[in-house]
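Chemist: Protein chains in written order, with this note's numbering: chain A, 1 to 322; chain B, 1 to 322; chain C, 1 to 322; chain D, 1 to 322.
Because the hints were derived from the structure by calculation, they are not lab data. Just so you know, even glycine gets a beta-carbon here, dropped at the ideal spot from N, CA and C. Careful, some of the hints might be misleading.
Some chain C residues well away from chain A (every beta-carbon gap over 10 Å; in silico) [said to hold, decoys possible]:
| hint | residue |
| --- | --- |
| 1 | T12 |
| 2 | A70 |
| 3 | E86 |
| 4 | V94 |
| 5 | G122 |
| 6 | V124 |
| 7 | A143 |
| 8 | V191 |
| 9 | E236 |
| 10 | D288 |
| 11 | R301 |
| 12 | S314 |
Here are the simulated distance ranges between beta carbons [to be verified]:
| hint | chain 1 | residue 1 | chain 2 | residue 2 | range |
| --- | --- | --- | --- | --- | --- |
| 13 | D | D38 | A | E172 | 43 to 49 Å |
| 14 | B | G122 | A | K310 | 54 to 60 Å |
| 15 | A | A136 | B | E130 | 42 to 48 Å |
| 16 | C | R85 | A | A31 | 47 to 53 Å |
| 17 | D | R132 | C | E298 | 27 to 33 Å |
4 protein chains.
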Amino acid sequence: MSGHSMSGSPETPRDLAHLGHVEMLTPRIEASLAFFTDVFGMTEAGREGQSVYLRGWDDYEFASLKLTEAPLPGLAHVAFRTWSREALARRVAVLEASGHGIGWTDGDMGHGPSYRAHGPDGHVFEIYFETRKYQAPDALKPALKNQAQRFPARGMSVRRLDHLNLLCSEVEPTRDFLRDQLGMRLTEAIVLDSGIWGGAWMTATNKTYDIAFTRDHSGRRGRFHHVTYAIDSREEILRAADIALEAGVPIETGPHKHAVQQTFFLYLEEPGGNRVEVANTGARLMLDPDWEPVIWTETERKKGQAWGLKTVESFHTRGTPP
Amino acid sequence: MSGHSMSGSPETPRDLAHLGHVEMLTPRIEASLAFFTDVFGMTEAGREGQSVYLRGWDDYEFASLKLTEAPLPGLAHVAFRTWSREALARRVAVLEASGHGIGWTDGDMGHGPSYRAHGPDGHVFEIYFETRKYQAPDALKPALKNQAQRFPARGMSVRRLDHLNLLCSEVEPTRDFLRDQLGMRLTEAIVLDSGIWGGAWMTATNKTYDIAFTRDHSGRRGRFHHVTYAIDSREEILRAADIALEAGVPIETGPHKHAVQQTFFLYLEEPGGNRVEVANTGARLMLDPDWEPVIWTETERKKGQAWGLKTVESFHTRGTPP
Amino acid sequence: MSGHSMSGSPETPRDLAHLGHVEMLTPRIEASLAFFTDVFGMTEAGREGQSVYLRGWDDYEFASLKLTEAPLPGLAHVAFRTWSREALARRVAVLEASGHGIGWTDGDMGHGPSYRAHGPDGHVFEIYFETRKYQAPDALKPALKNQAQRFPARGMSVRRLDHLNLLCSEVEPTRDFLRDQLGMRLTEAIVLDSGIWGGAWMTATNKTYDIAFTRDHSGRRGRFHHVTYAIDSREEILRAADIALEAGVPIETGPHKHAVQQTFFLYLEEPGGNRVEVANTGARLMLDPDWEPVIWTETERKKGQAWGLKTVESFHTRGTPP
Amino acid sequence: MSGHSMSGSPETPRDLAHLGHVEMLTPRIEASLAFFTDVFGMTEAGREGQSVYLRGWDDYEFASLKLTEAPLPGLAHVAFRTWSREALARRVAVLEASGHGIGWTDGDMGHGPSYRAHGPDGHVFEIYFETRKYQAPDALKPALKNQAQRFPARGMSVRRLDHLNLLCSEVEPTRDFLRDQLGMRLTEAIVLDSGIWGGAWMTATNKTYDIAFTRDHSGRRGRFHHVTYAIDSREEILRAADIALEAGVPIETGPHKHAVQQTFFLYLEEPGGNRVEVANTGARLMLDPDWEPVIWTETERKKGQAWGLKTVESFHTRGTPP
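Next up, chain A with everything else stripped away, as it sits in the complex:
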C-alpha cells in the first residue's frame, strides 16, 4: 500500500466545503440540552418536533448540532455543505451511480434540500448547499460585525463544530467511500501489523481532518464515536476540564495531546450517553495539496499519546448506541 495513493489526486474535485452539522440522538433530551447550553455554552437556535437546534458562537450557519430525542443515543446523520450548487449536483450524480444513495430531503430548519446516502458501514451522510446563515437576535448581536454571534462567556463557550468521529466495523470501505464518492483527502491513518486499517483521518478543508473513523473492536456497524467542538486555546481547554469537574460531567480522558494529528483533547460524556470532545485544532493546518498521508504503525501507537498518556481502553470499545 502506498500512503501517497491514498491522498486525493490533485485534480480530484474538491466539492465539499466543510462539515456542516451533526444530528445526535439522546434518550435524555432535557439533560443533554442543559449540558450543551450551560456546560458547552452553546445557543439554542430553534426547535421542531423532537429536535432542538444548537450552535457555537462562531458557527456561521443556523445550527451545527441537531439534538433529537430517541430511545438510544447515537448519530442520526452527519452533513457536509458543498462548495456550490454545481458541486452538489456532481456529488449527487456520483452517489446515485454508486448505489449508496438514499435520496433527496426537503431540507430542514437550517438548510435547503439535501441528498442522503448510506456509508459502507451504515452511517447516514447528507450533503447540501443551500443554507440559512445565522442572523443573531439583538440580544446576541456581536460587537464586531465579522462574527456570527456574541461570545457567550458561559461554560466552555465552544466556538464551532470542528469534526466528527465514527466507529466502523471495517475502516477501509468508509475511507474509500469518503475519498471516491465525496472527494475527501486522507491525512493520517493507523495501519495495524496485519495490514488492517485501525483508523483514518480525512479532510475536505485546510483543517487536518474534518472526520475520523476507527475500528469498532465490538465488530458492530454504524456506530458513533464522538463529535468535537473547537475552543481557541489549550488554556481554555484546561479551563473546560475545570468546568466539567465542577459540573459533574464525566471526563473520560484528557486534557492531553494526541500523537495522531497533535490535537489537544478533552473527552466528556454528555448526559444522553454520547461522547463529546472539545479541542483546539486551528494552529496546525493542512496547506500542502499533495500531502503524503502519515501512516502510524501498531508499535508506534502503543507508545500512547504525545506526552505518554496511555489511550484509555474505553476509547476502543465505547460507542453509541451502546
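Assemble chains B, C and D onto chain A, guided by the hints.
Modeler: Showing chains B, C and D alone in chain A's frame:
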C-alpha cells in the same frame, strides 16, 4: 458596489493552494539573519548567492522566507503554490493572456519552475507547483512524525508563514488582479466614504486571509507593508512581546486585537527596516464557500482596533522601501 | 532619599495578613451589581441596608467587595485583615497613639469588630481579625475541597480581590502612614525629577503589592483610583477584554503590561463610574525580605508601559468621586 | 487530630522568608548541566569544585540550584533564607536546643554563613540570611529594571525555584520539625485510614506550599522526591511538555492538575536520575493567616488527580538515591 459580487463565484477555479514564500530584501543581511534565527526562532535551510533561506518549524516546504541582501529593504517577490500542475498551467494561461505575465523561471533552491507576473501596482507575484519538501537533518528531526521539524524552543519559535501585506497606490486593481487572475476570494475590506477602497483582505485557503493590501498614503507604487508568521496562542504572542523587549527589537504596535479579521497582532521592525508581524490566526477559519465580504466603513475604522487601541500613524505611512 | 530605607526594616512587625475588602460607592447600584455579577462573574453573598456583598470564587472570606448605594461613586473604606488578634491589638495601639484613629466598629456582615483610621489624605482604612469564612451553599460547592466556591464559568470569572489603588494629593504622607502605622513594605515607586513622589506600591504579603497610590493631578484629597481582581492567566485577561467589548463596558486602556510591577492589566469603567481592573499578578512574587525598592524616574516613566503603550491621560486625572 | 491545631499558631514566629536553594547530586554532571541549561533554560551563575550554580531568570539570589557531582543522585541539602539576622538567630537557638543542629558553615558562593540541621528523616536543612543578590552581566541585563535577569527564551525558560518534595520513612516527625523548629505552616495533608500520615504540604510564605513530603513506600530514610521550578502559565507548561518530548527527556506524568494544592504539573527525569517538576503555582495563594489545613482521606486520594488521571505507581516508589 455589492460586497457579494466581490467574492469569487462558487465555481471560480480554486487553483492556488497557499502562500508559499516571500523574498525580502535587506541592506543589513547579517543583522536581519540574526533577528530571524535568534529572535523569530527560524531555522536556516540553505544559502545561495546573496540569499539565505529560512523556515518556521511547521513550514512543510524547504523555506518560506528568502532573505536577500540589497541596498534597500522591501519585497522582491511573493510566491503562491498552486493546487496541481494543471492548476499552474491554467493560471499561467490566464496571466499570459492578461498581459501581466513576466515569464518562467528555472526555479530556485526550494522549488521547481515558476511563472512570474507583475501585479497592477508593480509587485512581483510568482506561482509554482513543484516544490522541495523539507527533510530535517537528524539534529532537527521531530519526535512526532507528522511534523516537519523539531520545535526549536528558541526566541519566538514562529510556526509557519501566515500572510503578507502590501501597500498599493490604489487597492482596487490589485483586488481585481488577485480575484480574476489568481482566483482568490475577498473576505473583508475597508471602503472609504469617498467610495475609494482603503484595504482588502483575500484568501486562497480556509484561513480568513493569505494576503492583504492597503492604500499607500504616500501614493507610491509597489511597496511592502509586512510579512506575518503564525504563533499558536495569544499567550505566546504576549511572550513574543517580552522577547522583543529584551532583544531591543522596536515594537511598532501591539500586542492587541485587530477589529478587521480579529487577528491578535504584534508588529516589529527587523534590523533591515522591514515590518514583520507575529500573529495567531488559526482559531477563526473561513469555512463558508459563499461568504459575503465584510465591508468596514471609514467611521467604523476610526474606532480603532478591537479593544480600542488607536491605529498608529506609521501604519499608514511606513513601508519598504522607505 | 535612599530607596532602601523606604523598605520595612526586617524586624518591622508584619501584622497585616492581606487586603480583606473594599467598600465601593455607586450611584447606580442595580447596574453596578449586574456588572459585577454578570460581567466580572462575582457571586452575591448577602445584602444589608443599601449594600450588597460580593465575592470572587477563590476569596476565602465571606465577601471582598461591599457595594453601597450613594450619590457619588468612590471608595467608602478599605480593610486589611491582621495576622492575629495580637497583631490587631498592636496596630490599634499604634494608630490610637498616632492620632489617625477613628475608633472601633461593631463589625459587619462579613467580619467581626474592626478599627478604623483616617489615612493622611482622608481615605478610611480599617483593620480587623475576626472574620467569617465563606461556606458555599450546595449549589456553589466546589468539586475540590481546597477551594472556597465552585468556579462560576460566567463572564470574566474573577478569582479574588487583588489590590487597591488610591489617588492622593501627596504620595509621601500615605507612604509613611502605611509603612509606620500599618507595617507595609514599599516595593516600587515613581519619584519625579523635582523629588516629589509620583506613586508608590506597597505590600503586606508576598504579592509585589497590595495597595498602590499615585499623585492626583487635580490636587484633590482622598479619591479612589481603582480596585483590581485577579484572573489566573494573561490569556483569560485577553478574553476578559472580548467580554467587555461584547457587554458594552468601556475599556479605558489595555490589555497591556505595566512596566512598573510588570502587571498584565485591563482597565474598565463599571456602570457606577468607578475604575476597575482585572490583572494577573501571581507569577511574579516578592520573596526577598530585604528587597531594595525599585525607583522609577520621570524619564523612565515617559517611555510608557512595558511594550511601549503610552499611558492614557485619563489615568492621571480621572478618579472617583469625579 | 484536629486539622486546625496543625496550623502554626497566629503568633508563631514567621522567621523563614522563603525556600532559597537546593543542592542536588548527580552522577552525570555534564548531562545534568546540559539539561538544566538547554531544556530548563536556566543560567549558569558560577562553578566551584565539583559544583555548578544555576538560576532561573527571576531568582533574585545568585543561584537557586547547586548541582554537585556525586556517585548517586539525590539531595545534598535544602536551604531557606530567613526573614532577618534576628530571625536566623532565633531559629538557630531553637535548632541547637532541639538537638537537631549540625553547626555553622562558612557560607557558599551564593550566600553568607549558614546553620545546618538534620531533619528527623535525615535530610539536611540549612538556614541563612546573608545572601548575594544576583547582578546580571551586561549580556543578561533585563529591559525592565524590576527583574533580575533577561528572559532567556531558551527551552522551558523556568522562572524561579518554587518548592521541594522529600520522601520520608514517616511523615509526622518531619511535619513537627518544620512546624516547631522552623515555624512553617501546614496547608494540606493526606491522612490514611490507619491514621498514618501519607503526605504533608507546608509553607513559609503566601505560596500554598514551599515544601512537601510524602511517605516512602520503600521505608527508606532521607530520600529526595523532586524539586520544582515555576513557569508562568499552564500554556507554557504544555509547551514544556512539547520541549521535553523533542529533547528526549522522559516524562513521568502530566501535564495534569493535582487535586491536592491544584498545582498544574509536569514531572520529568533529568539525566542524573533525579525527578524534577515544572509547575505554575502563583495563581492560588495562601492569604488566610489561620487557614484550617485541608486533610485528604485515602478514599479521596484514590480518585486520582483533579481531572481523573491516576497517580502513577512510580510516584510512590521512585526517589533518589534509587
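Chemist: Evaluate each hint against the coordinates.
Modeler: Here's how the hints hold up against the structure:
Every beta carbon of chain A lies more than 10 Å from that of T12 of chain C, the smallest distance being close to 39 Å; the non-interface claim holds. Listed as outside the interface, A70 of chain C is consistent with that label: its C-beta sits roughly 29 Å from the nearest C-beta of chain A, beyond the 10 Å cut-off. Residue placement check: E86 of chain C keeps its beta carbon more than 10 Å from all beta carbons of chain A (closest about 38 Å). With a minimum CB-CB distance of about 43 Å to chain A, V94 of chain C clears the 10 Å threshold, and the non-interface call stands.
With a closest Cβ-Cβ approach of about 38 Å to chain A, G122 of chain C is found to remain outside the 10 Å limit, as its non-interface label requires. Against the 10 Å criterion, V124 of chain C stays outside the reach of chain A, whose nearest CB is about 34 Å from its own CB. Not every Cβ of chain A is farther than 10 Å from the Cβ of A143 of chain C; the closest lies at roughly 5 Å, contradicting the non-interface assignment. Remark: the non-interface label on V191 of chain C is consistent with the geometry, its nearest Cβ contact in chain A lying 38 Å away (cut-off 10 Å).
With a least beta-carbon separation of about 7 Å from chain A, E236 of chain C fails to lie farther than 10 Å from that chain, contradicting its non-interface assignment. No Cβ of chain A approaches the Cβ of D288 of chain C within 10 Å, the least distance being about 30 Å, so the stated non-interface status holds. Its beta-carbon lying about 32 Å from the closest one in chain A, R301 of chain C satisfies the requirement of being farther than 10 Å from that chain. Against chain A, the non-interface label of S314 of chain C holds: every CB pair exceeds 10 Å, the least being about 21 Å.
The hinted range of 43 to 49 Å is satisfied by D38 of chain D and E172 of chain A, whose Cβ atoms lie roughly 45 Å apart. The hinted window of 54 to 60 Å between G122 of chain B and K310 of chain A holds, with their beta carbons roughly 58 Å apart. As the Cβ distance of A136 of chain A to E130 of chain B is approximately 46 Å, the hint placing it in 42 to 48 Å holds. Between R85 of chain C and A31 of chain A the Cβ separation comes to about 50 Å, which falls inside the hinted range of 47 to 53 Å.
Look at R132 of chain D against E298 of chain C: about 32 Å separates their beta carbons, and that is inside 27 to 33 Å.
Consistency with the previously given hints fails for numbers 7, 9, ordered from lowest to highest.
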